[in-house]
Structures are given as structure tokens and as C-alpha cells.
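Novice: Letter by letter, the chains look like this.
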Amino acid sequence: MPDQPEPLESYEEGRAIAPTGAGGASDLATAEGETLEQSPSAASGGRAPGGPLGTGTDKKPRSLWSDAWRDLRRNPIFIISSLVILFLVVISIWPQLIASGDPLDCDLSKAQEGSQPGHPFGFNGQGCDVYTRTVYGARTSVTVGVLATLGVAVLGSILGGLAGFFGGAWDGVLSRITDVFFAIPVVLGGLVLLSVVTSSTVWPVIGFMVLLGWPQLSRIARGSVITAKQNDYVQAARALGASNSRMMLRHITPNAIAPVIVVATIALGTYIALEATLSYLGVGLKPPTVSWGIDISSASQYIRNAPHMLLWPAGALAITVLAFIMLGDAVRDALDPKLR
Amino acid sequence: MGRYVIRRLLQMIPVFFGATLLIFLMVNVMGDPIAGLCGDRQCDPATAAQLEKEFGLDKPVWQQYLTYMGNVFTGDFGTAFNGQPVTELMASAFPVTIRLTIVAIFFEIVIGITLGVVTGLKRGRPVDTSVLLLTLVVLSVPTFVTGLLVQLLLGVKWGWIKPAVSPEATFSELIVPGLVLASVSLAYVTRLTRTSIAENKRADYVRTAVAKGLPRRRVISRHLLRNSLIPVVTFIGADVGALMGGAIVTERIFNIHGVGYQLYQGIVRQNTQTVVGFVTILVLVFLLANLLVDLLYAVLDPRIRYA
Amino acid sequence: MRGATHAKWAALATAVALAATACGGDDSGGGSGADGIVSSSWGDPQNPLEPANTNEVQGGKVLSMIFRGLKQYDPKTGEAKDMLAEKIDTTDSTNFTITVKDGWTFSNGEKVTAKSFVDAWNYGAHLKNNQKNAYFFGQIEGYDQVHPEKGEPTAETMSGLKVTGPQTFTVKLTQKFSTWPITLGYAAFSPLPQAFYTDHAAWLSKPIGNGPYTVDSYSKGSQMALKRWDGYPGADKAQNGGITLKVYTDNNTAYTDLTAGNLDLVDDVPASQLKNVQADLGDRYINVPAGIIQTLSFPFYDPAWNKPGQEKLRQGLSMAIDRNQITETIFQKTRTPAVDWTSPVLGEEGGFKDICGDFCKYDAAEAKKLVAEGGGIPGGTMKISYNADTGSHKEWVDAVCNSINRALGNNKACVGNPVGTFADFRNQVTQSKMDGPFRAGWQMDYPLIQNFLQPLYFTNASSNDGKYSDPEFDKLVNEANAEADTAKAIGLFQQAEEVLRDDMGAIPLWYQNGSAGYSERVSNVSLNPFSVPVYDQIKVN
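First to last, the sequence lines map onto chains A, B and C. The end of the first sequence is residue 360 by this note's numbering, with every number in the run present. The end of the second sequence is residue 289 by this note's numbering, with every number in the run present. The end of the third sequence is residue 538 by this note's numbering, with every number in the run present.
In short, the hints are calculated from the structure, not lab data. Mixed in with the good hints, there may be bad ones.
[Claimed, not checked] No farther apart than 20 Å at their CA atoms in a straight line, the calculated lysine to aspartate or glutamate pairs in the EDC-like style are these: (1) C:LYS234 <-> C:ASP213; (2) B:LYS139 <-> C:GLU149; (3) A:LYS306 <-> C:ASP432; (4) C:LYS391 <-> A:ASP125; (5) C:LYS112 <-> C:ASP71; (6) C:LYS272 <-> A:GLU133; (7) C:LYS125 <-> B:ASP26; (8) C:LYS217 <-> B:GLU70; (9) B:LYS35 <-> C:GLU149; (10) C:LYS125 <-> B:GLU34; (11) C:LYS358 <-> A:ASP127; (12) C:LYS125 <-> B:ASP40; (13) B:LYS41 <-> C:GLU149; (14) C:LYS217 <-> B:ASP58; (15) C:LYS409 <-> A:ASP125; (16) B:LYS183 <-> A:ASP252; (17) C:LYS430 <-> B:ASP58; (18) C:LYS147 <-> B:GLU34; (19) C:LYS147 <-> B:ASP58; (20) C:LYS147 <-> B:ASP14; (21) C:LYS330 <-> A:ASP127; (22) C:LYS147 <-> B:ASP26; (23) C:LYS409 <-> A:ASP127; (24) B:LYS183 <-> A:ASP356; (25) C:LYS380 <-> A:ASP125; (26) C:LYS73 <-> C:ASP280; (27) C:LYS365 <-> A:ASP127; (28) B:LYS139 <-> C:ASP432; (29) C:LYS391 <-> A:ASP127; (30) C:LYS464 <-> C:GLU308.
[Unchecked claim] Examples of chain B residues lying across from chain C (beta carbon under 8 Å, computed): (31) GLN32; (32) VAL138; (33) ASN237; (34) VAL250; (35) GLN252.
[What the hints assert, rightly or not] Chain B is faced by these chain A residues, among others (derived, beta-carbon under 10 Å): (36) LEU167; (37) LEU170; (38) GLY192; (39) ARG196; (40) ASP199.
Glycine included, each C-beta is placed from N, C-alpha and C at the ideal position.
Chain A on its own, in the form it takes in the complex (with noise of 0.2 Å):
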């Protein structure tokens, strides 16, 4: 990025205006330090931490929520995407709809072998048919990828949103604890985190994977808060004296989700693999649980010789997270007032 000529003085420029603004918010500034202060010109007056004046302004059209709903329901990429997820869910409810074998039923003789009546992905390196498998793996695969990434996203971005919108202390302490946890290493963490639970359940997996995945989203958060808080609605809002929760929630959240959803639905795809990654290293997900992610990678070393043994999995993976893509694409221009 060579066109950056922006001299870096506008900070001096608003430091030295700062003392002059009223009050509060500079008070607080200086105090905290590290907060990314607004422009003071805005920033005076209605901060003022509990200073609402009665918010009863609602003037009720239709809420920027409903409007996004009814974008959405004739949006063909909306429900293209939903069917896929519900055609997940219902596998994962209930596998033996599409696939009458066990997935368990593996017989060595057969490995590897390719495609065969009956069988028709072929069969995996312990001769377990991977048809079988791929049908059930969706159950624990989609509710560690949803799950997680449900976890991450609400933790992340309550957490990166406050500190971006609240700046001074809150944003000090959280972004250092982000720092802090950024730091441990995923194999540490799942070797010390996970090797003491004996549960089988996906449920600890899940908790590994929102533990350590939050702070990426919470640095999204914040980032992007921060500069929908520069906006001049929200400046507007501010000064006819909205309360925070309002300016959070009406002007704030649908202007700074964007990088949210983007970065939480690619993430669903890690997390699936994260999960392998976790099995692998014998602390994730043991043996009679069957997942994509176990499967992928037992099958990666075997590329050169078996690919179809990659190729299902994966292809229900690619699946998965293209209809979650999708979905928060289309969910992202039905909130964005700027399209419509």
C-alpha cells in the first residue's frame, strides 16, 4: 500500500482540540488513555455515561429487522441456501433416511477400493464404506461447525463490539485479554484444555473452539465498530441524545455486521477442520463418533493413492459452508440500507 500520504499529524490536530471540547468524554479519554476517540466535535455533550433522555422516538413503519426479513423471504439465493441447511439438519437428525448401513461396519479387506454397487463413494482406508460415513458424519460435523461458530460470533462480537464502542478501559482490558489468548498455541491449548475432559460428547470441542476462537472475531468486532461509530447518523443519533443500547442496536450493529458474518461463516469451515486437526492430535473427537473432519484427514495421507476417499467429505464440507456463505451474503445485503 504505497499511497498513503496522509500525514499522521490529524492526531495532534485532535489532541490538541480535545481539552477544549466539553467535559466528559476527553476527561475519560485521557484518564484511560487508548481509547479511539471520536472527533471531539460530536464527541461532546450526551456521552455521558446513563444519559439518555427517554428514547421514546420509535416511530414504527417497519423495523430495519422486519424490512430485512421481507427482503430475504424473496431473495432466491436466501432460500436456495436455507434448503441446504435444513437438508443438513435432517441428515444429522436422522442419517438412517439416506443411508441404511453402519458406519461402523468396516471390513479391511475392501480398503480403499474405489466405487462398487451398493457402495457408491467407495470405501475408506479401513474398508468402511465412506458413503456410510460422510451421511453420518454430518451430525457431528455440522453441530461442531455451527455451534462453534454461533459461539465465537455472539462472544466475539459482544465482547469486540463493547470494546469498540465503549473505548477507554473496557476496550484496554478486553483487547489484552484478546492478546493474551491469541497467544496459546492450539495444539497447547487442545493438548492441556482437552486432554483432561473424558467426555466423548462434541460439547467440550465446542467450548475448545469458542474459548480460542473468539478474540479473532472480538478484533473484527471492534474494528468495525469503530468505524461505524464514525458515521454521521450515529454522530446525529448521539446528539439528539439516543441511549447507547439503541445506538448499538439500531444504528451501530447493522453497519458494523458485515465483517462479522463474513469472517464467521468462512470460519464454520475451519472449525470443522480444527476439528480433525483436534482428533488428530488424539484430544478432539474419539473414534465411534464418526465426523468430515476425522475422516478428511485420514483420508489426506492417502491422497496420491485413494483421492475419492477425500473427495466425499470434503465435497460435504465445501457444501456446507458454500449454503452458509450464501446465507450470510444474503443476510448482509438485507440488512445493508444502502442497497434497497
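Following the hints, put chains B and C in place on chain A, whose structure we already have.
Specialist: For chains B and C alone, kept in the frame of chain A given last:
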């Protein structure tokens, strides 16, 4: 501005202690590392006890931590189990990994942002769809497989590169590993840029700039891109540390003796000194990267000021 | 999309090609013929490179090149032949008189004398030196004083070792051990030069020994260059100019580098590549038995796994494992189905014999019957524990479980139970925390049937991880050790093995082979029974 940076630098001190303590405790929780040193047989108890004494493992954890930190401030990061000083390990591993990270980040910026701008401007067009498909491939095929295939094709079949990186690990040798390492992050950067561009395309200042008759190139680079970069910069900033410490798979495949590899070795061998030493440096890298990102916010969006 | 990818690769390739020409030189070393340098894959040794402190193959490779001991195991037969030993005499299997050959020196010119051995052994045994193989000296009288179980050592040297002349010394053992001289080929018994004690740090950074190679340069963590030592007095002079050991992060990378022609020798072909070996290397691939056996041990300390009558359960489980299928499919025949608890490298004379019989043959119906008679699997499900970080055990453990589950007709009978790190796994094993069968591997220290039985199944032996105990077995082993006649001793060991079979104290799975691949540049490559390449015999074409 200067005061802000100083304040941020001061904040590193508690984070530094917090992180090292956390990592120290985590490695300790993993249990006794001595048992792993004797292969598939039991260490004889006398030797094991003697080794524990030598590595200071017989003392309470808090005392071990204090001793360790005391040594760190005199520049002594301890020794690995094979008798090599950790500082020596770091001196050989960090330069390699830093080069690898630079290559990866370079690709993220150049390829990721370019693809992001193109797809953001041409949403829904074939180029957008192709890039989306590419993204899906990158996400669903593990780095392990991409790495192996690239190594096999370029290194063995076509002979364009050497499959294994030499101990010197020059920039030119790291181009392919860097690309493999960057692949997943590339997907993030591309999609983040795309979304931001698409969102800001309709912003008032872009319309104004277009209305003023500015050339398209200038509108895109100066007005549109610049305002769309904040999420991307945030992501890349956070990714620096992740790439440095988490390149385990790539480093293993391409025989790169870097931080990820050493850290992994340290962790599975439960070598507290190696792990804490490396992570300590990584924490510092995180802190600096994040500070840099925060400063960049103000460059990218002049409305953001530091008090 | 295809087009786009191609264009990208093409662009990249140009850049790479430019770079590659720039750094031209060939890594696989220079020269050919007798002075040619062989490059070989290596892993970072886990411990400092002292002879009595090296207990794994990577360090063992270096020691095999820079040291020669009293005995040397024949690379083909495994037979222990005299190397530096002129003669080793004994009348009572307890007191040994050892004469060291004259004319041997270390590569720094120092003479190898009786003292070189005695000092080295005393060093290796002494507690304060932290030598992990100290227990090798455990049979020598006075070991308890220099290496007490608890507390401080009370002596500096072992009383059982006495230098009686410039080239002779005597050894007194604590008990009869007729085949003790055969153990002397192990690296821990190597002689050490004075420089080892006087400037230890310098020695470690560039070890000096008396073998056919000298260390030319050593950069820890990346590579070690060894040069042929022209003054080497032994008969097994190096046939090449030197060996460069290169540390690889992954054996698969080393293999790929071999196929790309950048490396001459890989002594650990990754399991996932075994199917491609024929296509990639043709006949430049060796797969020979090594003295390693893999077994499943049982936690006899767990009451649930130590009930009378459960030998039938264990025998049934053994019969439920389709060893042939697994060694063929998962290991591509780099393992041989086990028929006893030793190793084929011992040979028939050494005591290798099909003792397991039907209990090691797959028979689903019989297996199901025996398991039921033995009271079924405790708790209904058994977990086979293994460490996940090294050795890719997951594959075969899953295959063993699948085999058992199929034989028993119950998909929940057996599951794999990975443990994150080797250290953690070993901790759980040594602290007797296992609640089901667990993997056990044994690499022999010296080619003796005793080494496969006593350390593993004798009551409270050092590597008896399952805490197996049977008085009859112990009695037979003791008798065998005291027996001066080798053939009779082996017969007694085999009787002990039969006791082990009737109890099924551990399920023998398979013998591990050493496998290696090499480049067209080199020939005459072989592996010794310890699956270490015989470097000195490699010829550069």
C-alpha cells in the same frame, strides 16, 4: 499520539506476565515430561529424580516460574532437553519463520486484496463465482493436502522447486510454502475485502468522487479501497501471530525449521522452557502487531483519533 | 477456473525457476566413487549425544558411525562378533576378564585402552551424570553404590570393574549371566576418550570417537556432516567419503526429497507412501526384519482385568485380530504377523519359534467363544490406548478394533483411545493408570531372547508395564540365565515363553521391519537388525 503509543507499550508488561504465567501453568498441567525421555521403557527412578532436579521440576510451580522469569531477564531462556540453549533455538527458528510470514502476508495483501476488489466490484459476475468456488476448495481441502500436492507436482513431477527447504530457508525457497500457508487466510482477506468494497461502493463519498469526474482508478484506490480496508487490516494484523506460531503443518511438509515446528516439538515433548520462551516472543509480536493495526485505523479513517 | 489456476502457477513457476537457478548447487553432496558423500535423512536426537545417554534410533545412527565397542553385531545375522575385544574369558559366568586389542586409537590419536572402557562405564553408571541408559551397567557389582535407588551415591566407581593391565580389565557381575558378553555390542558400552571428561561441552558439540567416521561439522537441529576417518584401524572401513545427516521435520518430506533426487537415503519410509514405493523407487527399496515387536499389554493391576479365567478372554482377543490382513493392508507388509514374543532376527538358534500357534491366528468363531468363556470384555467396551503424537498408531489401533468388533459381532466392543503426547502416555503407563489394553513396543538392545522376555514380563522388571507376574515364568527365566550352555538356556527361555502364552500375558501383534529407500547414486545399502542403516558399507556409484 506519542503518549498513546507509550501507554500501549506499558500495557504490554502485565500482558507479558499474564501470558507467560498462563503458558507456564498450561505446560505444567500436562504432567511429568521425564517419562517421555526414556522411550518405550520406564526411566529408572533414580535417574528420573536426578533429571527432575536438574531441570528444576522438583520445585513447586510458582518457584519454577519465578526462577524462570528471573533467568529470562538475564537473557537466559533455559535449555531444551537435548541440551541446546533455547536462545540458540530461537535464533535459528525466528528468522526463518519471519521470512515465511512476510511471504505469506505479502500474498495475502497482494492476491487477497486484488481478488477482493475485483469480486467486490463485480458481484455476481462469473469472476465472483469462480473466486467463491476457489475459496470453497481452499477451505475444504486441508492445508496438509494442498501442501503435499503442490510439493509433489512442483517439486517432484515438474521439478520447478526443491521439495524440501534448506536450513538457510531463503526468500525464494519460501515462495511456495508461503503461498500454501497463506491459502486459508487468503480466503478470509478476499471475502472481507469483497464485502467491504461492495458495501462502500454506494457510499456518498464514492458517488461524490465519481460525480466530481475523478478517474475510476483513483476513486477505487483512494476513496473506495481505503475506506474498506479496516476489517482487512484488522484480520491481517491478527493473522501475523497466527501465521508465525501456527505454521506447524506447512513447516513440517516443507521441512522448514521454524517457530511452528520447534513449538510443536516443545509441546509434545512437554519442554516448558522451549514452549514458554517461544510463546513469550510470540506474545510480544501479537502486541506489536495489534498496536500497529490500531495506529493504521487512524491512517485509514482520519475520523478516528487517538487521545 | 482451471485456466486461472494455470496462469497463476505459470507466473509463480517463472519466479521460482529464476530463484532455483540462482542458488544452483546440488545439495546431495559432491563427488562419486570412494570419496562420494552420502546424504541421509535424520531426526533431531532427543538427548545429548553421549553413548550411555542415547536411547533412540536418531542418536544411535551417529553413535554407530563414530564408535566401535568390544563387540559388534553383524549387520546381517545380528551375531555378536569381537571388535575391540581380543578375548573375553569367564569360568563361572560371573567374573569376566576382558582383553582389549592393541593398536586402536580414537580419532584424536589417543590410544584406546582398558581404562577408556572402565572410565566410560563408570561415567555411564554414575547417577550424577544423568545417563538414561545407566541401567545397562546394573548387572555390574557396585552399581548400587554409584546409582542408588534413593539418596546420594556412596561411591565414585563401580567395585566390579578393575583395570589389571594397560589392555586388560576384569568385570564382576552380581549374579550369573552367561550371555553377558553379547550385550557388549550396545553403544552404551563404547569407550570414551579423555577429551570427553576434560572438555565436555566441546566434545558434545563435536563428538570424538573411535569409529570409521569422524564428525566434521555439527549444527544442532539441522545437519551433521561426517567424514571418513582414514586412520581407522578396523576392518570395516568406510566405503564412501562421508555421510551428511540432514534433519527433516517429517519423514514424508524426506521421502519426497528422495524421489526428487535431493537425498540419497531415507531409512524410515512413511506408511502412507508404502503403496508408491514400487513406482517411485523400484528395487531401490529394502524391507528387512528388525528386532522390534509390537504387542498389546494388559493392565494386570486393574482388578477388572485381573480375574481368574481371563486368560481365555485375552486369548480370544488375540484370535480376533486378523494380523495378516492388517499387516498387508495398513502396513503394506512392513510388519510380519507375530508368532511368538521375540523376533525373527534372533533366528532359530537364537530362540525364535512359533510358540503362539493357533492363539495368534485369526478365527472369529473361536475368538467369540473364548471371549465369552473368559467372562466377556470388562465393562462391555474396551479402549486400546496409544499416543497420538508419534508413530501413526491410530491406523492400526482402529484396524485392530474393527477386526475385534467384526469377530465379536459387536461394534462397541473395542475403540481406540488416543493420548495426546508420548510423555503423557508413558506417565499413564508407568503410574499404572490404564483401564484397558494399551500398545507396547519393544526394540531389542542386543539380539538375545533374554532381552525380549526378562525386561518385559519378569515380575517388577523395568519395562513390565502391565505388571504381569507369574512365579513359574520368573523361575524359568532365572534358571535360563544361570545356564552356561547356550542351547539349553534358550530352551528354558522358550519354556518361559510357553507360560506367557498360556496366560496370554500380552498379545503379540507383529514384528516391525526396517524399511529404507535410496537414490540411484548409491548402492550396497542395508539395514542392521536395529533398523539403522549400515552407513560404512554404502557405495557411491
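Novice: If a hint holds in the structure, say so; if it doesn't, say that too.
Specialist: Hint check:
Distance restraint check for C:LYS234 and C:ASP213: the Cα-Cα separation of roughly 17 Å lies within the 20 Å cut-off, and the hinted pair is therefore satisfied. A distance of roughly 61 Å separates the Cα atoms of B:LYS139 and C:GLU149; the hinted pair therefore is violated under the 20 Å criterion. About 16 Å separates the Cα atoms of A:LYS306 and C:ASP432, which keeps this hinted pair within 20 Å; it holds. Restraint check for C:LYS391 and A:ASP125: satisfied, since their Cα atoms lie roughly 17 Å apart, inside the 20 Å limit.
Under the criterion of a C-alpha separation no larger than 20 Å, the hint pairing C:LYS112 with C:ASP71 is inconsistent with the structure, at around 26 Å. Proposed proximity of C:LYS272 and A:GLU133 is supported: the alpha carbons are some 14 Å apart, at most 20 Å. Between the alpha carbons of C:LYS125 and B:ASP26 the distance comes to roughly 13 Å, so the proposed pair stays at or under 20 Å and holds. As the CA atoms of C:LYS217 and B:GLU70 are separated by approximately 9 Å, the hinted pair is consistent with the 20 Å bound.
The hinted pair formed by B:LYS35 and C:GLU149 meets the criterion: a straight-line CA distance of about 13 Å does not exceed 20 Å. A threshold of 20 Å between alpha carbons decides the hint, and for C:LYS125 with B:GLU34 the separation of about 12 Å falls inside it, so the pair holds. At roughly 18 Å between alpha-carbon atoms, C:LYS358 and A:ASP127 fall within 20 Å of each other, so this suggested pair holds. A threshold of 20 Å between alpha carbons decides the hint, and for C:LYS125 with B:ASP40 the separation of about 16 Å falls inside it, so the pair holds.
In summary, the hint linking B:LYS41 to C:GLU149 is supported, as the alpha carbons are separated by about 18 Å, within the 20 Å threshold. The suggested pairing of C:LYS217 with B:ASP58 holds, with an alpha-carbon distance near 18 Å, which does not exceed 20 Å. Annotation: proposed proximity of C:LYS409 to A:ASP125 holds, straight-line Cα distance about 11 Å (limit 20 Å). With a C-alpha separation of about 17 Å, the suggested pair B:LYS183 and A:ASP252 falls inside the 20 Å cut-off, and the hint holds.
Only pairs whose Cα atoms come within 20 Å are accepted, and C:LYS430 paired with B:ASP58 is rejected, the gap being roughly 37 Å. At roughly 14 Å between alpha-carbon atoms, C:LYS147 and B:GLU34 fall within 20 Å of each other, so this suggested pair holds. About 31 Å separates the Cα atoms of C:LYS147 and B:ASP58, which puts this hinted pair outside 20 Å; it is violated. For the suggested pair C:LYS147 and B:ASP14, the alpha carbons sit about 19 Å apart, so the restraint of at most 20 Å is met.
Between C:LYS330 and A:ASP127, the direct Cα distance comes to roughly 18 Å. Compliance with the 20 Å bound is thereby established for this hinted pair. Between C:LYS147 and B:ASP26, the direct Cα distance comes to roughly 11 Å. Compliance with the 20 Å bound is thereby established for this hinted pair. The hinted pair formed by C:LYS409 and A:ASP127 meets the criterion: a straight-line CA distance of about 15 Å does not exceed 20 Å. A C-alpha spacing of about 12 Å is found between B:LYS183 and A:ASP356, which places the hinted pair at or below 20 Å, so the restraint holds.
At most 20 Å may separate the alpha-carbon atoms for a hinted pair to count; C:LYS380 and A:ASP125 meet this at roughly 18 Å. Note on C:LYS73 and C:ASP280: the hinted pairing holds, with a Cα-Cα distance of about 19 Å set against a maximum of 20 Å. Note on C:LYS365 and A:ASP127: the hinted pairing holds, with a Cα-Cα distance of about 17 Å set against a maximum of 20 Å. At roughly 48 Å between alpha-carbon atoms, B:LYS139 and C:ASP432 are farther apart than 20 Å, so this suggested pair is violated.
Simply put, C:LYS391 and A:ASP127 have alpha-carbon atoms about 17 Å apart, close enough for the 20 Å limit, and the pair holds. Taken as a hint, the C:LYS464 and C:GLU308 pair is honoured in the structure, with Cα atoms around 15 Å apart against an allowance of 20 Å. Restraint check, B:GLN32 versus chain C: the minimum CB separation of about 5 Å is within 8 Å; hint holds. Evaluation of the B:VAL138 hint against chain C yields a held restraint, the C-beta minimum of about 5 Å falling below 8 Å.
The criterion of a C-beta within 8 Å of any C-beta in chain C is met by B:ASN237, whose closest approach is roughly 5 Å, and the hint holds. A hinted interface residue such as B:VAL250 counts as satisfied when its beta carbon comes closer than 8 Å to some beta carbon of chain C; here the least separation is about 4 Å, so the hint holds. Given hint, B:GLN252 at the interface with chain C, holds; its Cβ is 5 Å from that chain's nearest Cβ, closer than 8 Å. Below 10 Å, beta-carbon pairs count as interface contacts, and A:LEU167 has none with chain B, the closest being about 18 Å; its hint is therefore violated.
Look at A:LEU170: its Cβ only gets to about 18 Å from chain B, farther than 10 Å, so that hint breaks. Look at A:GLY192: its Cβ gets to within about 6 Å of chain B, closer than 10 Å, so that hint holds up. Residue-level restraint check for A:ARG196 holds (minimum Cβ-Cβ distance to chain B is 5 Å; threshold 10 Å). Evaluation of the A:ASP199 hint against chain B yields a held restraint, the C-beta minimum of about 5 Å falling below 10 Å.
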